[in-house]
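Undergrad: Here are the chains, one letter per residue:
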Amino acid sequence: MMVKIQGNEKESGLIETFSITGGDFHHAGQVSTQIKEILKELGIDPNIVRRAAIVAYEAEMNVVMYAQRGIFMLKVTPQQIKFFVQDEGQGIPDIELAMQEGYSTATPEMREMGFGAGMGLPNIKKNSDIFEISSEVGKGTCLNITIFLDQGKKQ
Amino acid sequence: MNLKEIIDRLNLKVFTSRASLDGTVTGGYTSDLLSDVMANAREGNLWITLQIHPNIVAVGKLKDLAGIVLVNGRQPEEETRQKAEEENLPLLGTEENSFVISGKLYFLLKEKEK
Numbered sequence: 001m002m003v004k005i006q007g008n009e010k011e012s013g014l015i016e017t018f019s020i021t022g023g024d025f026h027h028a029g030q031v032s033t034q035i036k037e038i039l040k041e042l043g044i045d046p047n048i049v050r051r052a053a054i055v056a057y058e059a060e061m062n063v064v065m066y067a068q069r070g071i072f073m074l075k076v077t078p079q080q081i082k083f084f085v086q087d088e089g090q091g092i093p094d095i096e097l098a099m100q101e102g103y104s105t106a107t108p109e110m111r112e113m114g115f116g117a118g119m120g121l122p123n124i125k126k127n128s129d130i131f132e133i134s135s136e137v138g139k140g141t142c143l144n145i146t147i148f149l150d151q152g153k154k155q
Numbered sequence: 001m002n003l004k005e006i007i008d009r010l011n012l013k014v015f016t017s018r019a020s021l022d023g024t025v026t027g028g029y030t031s032d033l034l035s036d037v038m039a040n041a042r043e044g045n046l047w048i049t050l051q052i053h054p055n056i057v058a059v060g061k062l063k064d065l066a067g068i069v070l071v072n073g074r075q076p077e078e079e080t081r082q083k084a085e086e087e088n089l090p091l092l093g094t095e096e097n098s099f100v101i102s103g104k105l106y107f108l109l110k111e112k113e114k
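Sequence order for the protein chains is L and B. So for the first sequence, this note's numbering puts the first residue at 1; every next one is plus one. So for the second sequence, this note's numbering puts the first residue at 1; every next one is plus one.
Bound-form chain B, shown alone (with noise of 0.2 Å):
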């Protein structure tokens, strides 16, 4: 499912002004633990955390992710948007807790199967 329909379904906000919307999401990982994510998050995931610092982008980066989704209306760092802008790396946020914000993108994608 491209990622800027989910944008819009799951009303995202966007943090990045130019990283491109336009990927597909394969899926989601939910996870606050960096390696976790190295260990288990696939290609195209949106990753779904409430870490906001500099360092998620390079995990983003390297697991080649769709995006990333910042829980609980919570507000990057300057310096991670920064880095997401120069990495090409879609960071978004919800005022939704990780649950519910994975509940629905789960039944999203689910959906889209169909």
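If we strip away everything but chain L, and leave its shape as in the complex, we get (with noise of 0.2 Å):
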């Protein structure tokens, strides 16, 4: 299941946060499908929500997989798209390894259905501007992705 948890405009910018339960294959995608309509609506540039439809797709699916739940927040400023995903779950072990294209623990299950391509984690990278993971293992994994929206001011 997939709730919209809260929502609110501020000056600061537009923060949105959903909550994304693990195994839960019936609805995922959906979070990120709402977010992709949210910065579309936002008047965002189309390649900007583009990278930023993978993320969170990848994000998202990630949690779907290998958690029992999480949350993601979306946070948009004049500046930058922030995406912040903390999920409870098993969490990995060697990150280094999770983040090389091709390695993947998904299931026989998972990869019937045409995930773990072992793409995900280089598919988030790939695509944000800041890219930040950490994770215990039992726990949980945290991302903090950034993506600026002036390309021209890249830091």
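In short, the hints are calculated from the structure, not lab data. Nothing false has been slipped in among the hints.
With a Cα cut of at most 20 Å, we get these calculated DMTMM-like pairs of lysine to aspartate or glutamate:
no. : chain 1 : residue 1 : chain 2 : residue 2
1   : L       : Lys82     : L       : Glu37
2   : L       : Lys125    : L       : Glu101
3   : L       : Lys75     : L       : Glu16
4   : L       : Lys40     : L       : Asp150
5   : B       : Lys4      : B       : Glu95
6   : L       : Lys75     : L       : Asp45
7   : B       : Lys13     : B       : Glu86
8   : B       : Lys13     : B       : Glu95
9   : L       : Lys125    : L       : Asp94
10  : L       : Lys126    : L       : Glu96
11  : L       : Lys40     : B       : Glu87
12  : L       : Lys40     : B       : Glu86
13  : L       : Lys82     : L       : Glu41
14  : B       : Lys4      : B       : Asp22
15  : L       : Lys126    : B       : Asp36
16  : L       : Lys40     : B       : Asp64
17  : L       : Lys126    : L       : Glu101
18  : L       : Lys125    : B       : Asp36
19  : L       : Lys40     : B       : Glu43
20  : B       : Lys13     : B       : Glu78
21  : L       : Lys126    : B       : Glu43
Over the 12 Å line for every Cβ pair with chain L, so calculated as not near, a few chain B residues:
no. : residue
22  : Asn11
23  : Ser20
24  : Gln75
25  : Leu108
These numbers come from a predicted model, not from an experiment. All C-beta atoms in this analysis are idealised placements derived from N, C-alpha and C, irrespective of residue type, glycine included.
Fit chain to chain and form the complex, with the hints in mind.
TA: Have a look at this one:
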């Protein structure tokens, strides 16, 4: 199940928080689809929306596949899009290995569905301007992602 | 090239009844790995795949694809079809395998370019 639990627009920008349920392939992709719609409605450059959609989808699917639950926070300011994704789940024992393209711990069932290409985290990193990941085995994983709206002013 | 024309020329089956077929097809992408499609398909592409579960609709929508072609005579799961209707994403089908239908689409799009 996916529920939007908070939404408000402040001077500082827009903040939306979504919750994601692990193992719920039925609703998987809904959070990223909504995020994409929000970004489109805000009139953000289509190329940036496309990158953000890839990042949001892969981050959402990681929670669905490897965690019990997670929260997905979107923050948009005039300068940047920020995603904060925190899950309660199995965590990643070796982040460096998990970042390698082609490496995956997906189950055979997930692979049959076309997941587990070992491209999720690399896709996220490739499409982010700032990518931070931290994880604790048995506790969960946390992603902090920034995409700058003005690509000319990339820091 | 117009999606409707491609459907006619390649004799594709249309599983969705309400999704608009007026879109323009910019190219194609053939893959059964969702992250690969997320990374490499382009806006307006027709996605050729054997995956039939509902998650393909989210990928198609997120990537602004022109539609999804299911190969080898595969039928979409009912939930996939419904989601595609809701999201206005054409869900198509062919009896051909991925190799053959990709080749046909490739030559059709090339021919049109000339």
